[in-house]
Structure formats: structure tokens, C-alpha cells
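**Student:** Sequence:
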Amino acid sequence: MQKALAGRVAGKPTNCITLSGVNSTQIIDGKAIIYRDGSRLYVNEPRSGAESLRDDDILFTRTFGSQLCSIDTVRLIDRGSRFPRGFVSLGQFVPYTKVKNPT
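Residue numbers for the sequence shown follow the numbering used here, beginning at 161 and rising by one.
If you're looking for bench data, these hints aren't it; they were derived computationally from the structure.
Since this is a predicted model, take the numbers as computed values, not measurements.
Cβ atoms here follow ideal geometry from the backbone N, Cα and C, with glycine treated the same way.
One should not assume that every hint holds.
Said to hold, decoys possible - Calculated cross-link-like contacts (lysine-lysine; reagent style DSBU-like; alpha-carbon spacing at most 30 angstroms):
{"no.": "1", "residue 1": "191", "residue 2": "258"}
{"no.": "2", "residue 1": "260", "residue 2": "191"}
{"no.": "3", "residue 1": "172", "residue 2": "258"}
{"no.": "4", "residue 1": "260", "residue 2": "172"}
{"no.": "5", "residue 1": "191", "residue 2": "172"}
{"no.": "6", "residue 1": "191", "residue 2": "163"}
{"no.": "7", "residue 1": "260", "residue 2": "163"}
{"no.": "8", "residue 1": "258", "residue 2": "163"}
Said to hold, decoys possible - The following label-pair restraints were derived from C-beta to C-beta distances:
{"no.": "9", "residue 1": "186", "residue 2": "227", "range": "29 to 37 angstroms"}
{"no.": "10", "residue 1": "191", "residue 2": "239", "range": "29 to 37 angstroms"}
{"no.": "11", "residue 1": "239", "residue 2": "260", "range": "36 to 44 angstroms"}
{"no.": "12", "residue 1": "218", "residue 2": "261", "range": "34 to 42 angstroms"}
{"no.": "13", "residue 1": "242", "residue 2": "163", "range": "27 to 35 angstroms"}
{"no.": "14", "residue 1": "221", "residue 2": "200", "range": "17 to 25 angstroms"}
{"no.": "15", "residue 1": "161", "residue 2": "229", "range": "31 to 39 angstroms"}
Generate coordinates for the entire structure from the input sequences, incorporating the hints supplied.
**Tutor:** Below is the structure:
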């Protein structure tokens with residue numbers, strides 16, 4: 161996770177992010193999910209189930225609107241067998257932005 165967040169600073173945690181801006185996700189084994197929204201990264205350390213996260217999982221998220229929020233759950237699907245293998249309960253989303261170099 162340190163490599164992904166290098167050169168970035170944390171902002172104020174938020175309960176929801178807008179899904180339409182999310183370009184990609186990255187799983188940090190046993191720890192967190194990183195959601196990329198343009199140049200901003202949102203790190204979510206789940207409230208429960210984080211120890212089940214594996215880099216090769218498929219994340220299956222069912223939402224009831226345009227946002228992903230800290231009350232949502234994400235199902236983990238095994239990439240090889242395509243069988244469900246658990247879920248995580250999301251926590252708050254911590255935004256990380258690149259540090260601007262003074263010129």
C-alpha cells in the first residue's frame with residue numbers, strides 16, 4: 161500500500177464516493193481496497209472481513225444508487241472458480257491526493 165500511496169497525502173475521510181468517477185480498483189491483500197477516481201485515490205479499510213481480501217479476487221458490489229458508501233458490502237468472488245468466498249463491510253473512504261511540488 162505504501163507504494164501505491166507514495167507522494168500522496170491523506171485528506172478528510174468521507175462516507176461515500178461517486179461510482180461514475182471510479183476508473184479502477186486495487187486490492188491490498190488482507191488490508192484494503194483502493195478506488196482510483198482520476199488522480200485521486202480513495203483507500204477503504206473495511207470494518208470487517210479485510211483479512212479475506214486477496215489480490216486476485218473479483219469484487220462484486222451491488223449498490224442502490226450512484227454512490228458506494230461505508231454501509232455497503234462487497235462480495236469476494238474467486239477468480240479461478242467464480243464461486244463466492246466471502247464479503248467485506250466497507251469502512252470510510254480516505255482520499256489521497258498527489259503532493260504539489262512548489263515551483
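**Student:** Please write out, lowest number first, the hints stated earlier that are contradicted by the structure.
**Tutor:** 9, 10 and 15
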